[in-house]
Amino acid sequence: MLMIQHVSKCYQQKGWFRIKERIQAVKNVTLTLRQGVCLAIVGESGSGKTTLGKLVLGIEQPDCGAILFDNLNVCTTVKASKKLLQKNIQVVFQDCQSAVNPKMKIKDIIAEPMELHLSLSKAERVKKIEQLLVQVGLASSDAYKYPHQLSGGQLQRVTIARAIATEPKLIVLDESINSLDLLVQISILKLLKQLQREKGFSYFFITHDLHAVQLFADEVAVMDKGEIVEYVSDITQIHNMTHPVSRRLLAARLPITCKHSSQPQGFDREEHVS
1 MLMIQHVSKC
11 YQQKGWFRIK
21 ERIQAVKNVT
31 LTLRQGVCLA
41 IVGESGSGKT
51 TLGKLVLGIE
61 QPDCGAILFD
71 NLNVCTTVKA
81 SKKLLQKNIQ
91 VVFQDCQSAV
101 NPKMKIKDII
111 AEPMELHLSL
121 SKAERVKKIE
131 QLLVQVGLAS
141 SDAYKYPHQL
151 SGGQLQRVTI
161 ARAIATEPKL
171 IVLDESINSL
181 DLLVQISILK
191 LLKQLQREKG
201 FSYFFITHDL
211 HAVQLFADEV
221 AVMDKGEIVE
231 YVSDITQIHN
241 MTHPVSRRLL
251 AARLPITCKH
261 SSQPQGFDRE
271 EHVS
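Per UniProt numbering, residue 1 is the first one in the sequence shown, and the count goes up by one each step.
Take the hints with a grain of salt, since some may be wrong.
Claimed, not checked - Distance condition first, Cα-Cα at most 20 Å in a straight line; then the derived SDA-like pairs of lysine to any residue:
hint, residue 1, residue 2
1, Lys145, Lys87
2, Lys87, Lys103
3, Lys127, Glu167
4, Lys54, Glu227
5, Lys105, Asp70
What the hints assert, rightly or not - What follows is a set of in silico ranges between Cβ atoms, one per label pair, in the way DEER data are often shown:
hint, residue 1, residue 2, range
6, Tyr11, Ala80, 42 to 50 Å
7, Cys64, His239, 28 to 36 Å
8, Lys14, Glu198, 31 to 39 Å
Worth flagging that the hints you see were computed from the coordinates, not collected in a lab. We put the CB at the ideal spot given by N, CA and C, even for glycine.
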């Protein structure tokens, strides 16, 4: 479904009077993401994982290589193709507060992509918004609230509802749980996993938290200095990773577990789509 083929991206770091150097943010990356699979992209700060996410979303363009989604180049300038890509590739950002307009009601925030990509009457749109809110664990009455009236976890659920409103095939999760407390992180991961099971979504999960990866992802690619330095196609083998960056990330992972359990209460990996 998603094919990243020998993609590279450089940035120029500027000084006061001249260009100092070229920063290789992504270097010759090749990856494939299948339908219904969660691929985690992990790495330390500055590893290039966020830049890779921007390339997948079409926010940035690669210097070389290609990114194909259902055989469409994500950098296409063809209007019809670009609109189809925007419908089928959605994103949930880390900072849910910055990702929404504070002056808009929740119903209008969720309606934004629907108005662009779905042919619905006003009544159909209202009904779908209410259904989406319930689907992500909120009350339909929350549609008439403003962002400041919701908690961080609730607002992140709103951004998830907005992301799934167009029934996309791929959702980019850009550090989407990192700013939330641990219990809320678990509830959001459970919600995303349930949606994956019900809708067959693919996830491009950008994070530095290997514990969340272990709970949620199917496959993992480790980035360092713009390159993929390790790839695991079976998440149960995550503890066998050998690259120094992988070992550091494993050692630093947060223990979002119960005292005598390897996973949080209510979080069953056996339910996971693979």
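Results of checking the hints against the structure:
Note on Lys145 and Lys87: the hinted pairing is violated, with a Cα-Cα distance of about 26 Å set against a maximum of 20 Å. Our distance criterion of 20 Å between C-alpha atoms is broken by Lys87 and Lys103, whose separation comes to about 24 Å. Between Lys127 and Glu167 the alpha-carbon distance is near 15 Å, which keeps this suggested pair within the 20 Å criterion. Annotation: proposed proximity of Lys54 to Glu227 holds, straight-line Cα distance about 15 Å (limit 20 Å).
With a C-alpha separation of about 34 Å, the suggested pairing of Lys105 with Asp70 is violated against the 20 Å cut-off. Against the hinted window of 42 to 50 Å, the Cβ-Cβ separation of Tyr11 and Ala80 comes to about 31 Å, which falls outside the hint. Taking 28 to 36 Å as the suggested C-beta distance range, the pair Cys64 and His239 conforms, at roughly 35 Å. The given range of 31 to 39 Å is broken by Lys14 and Glu198, whose C-beta atoms sit roughly 47 Å from each other.
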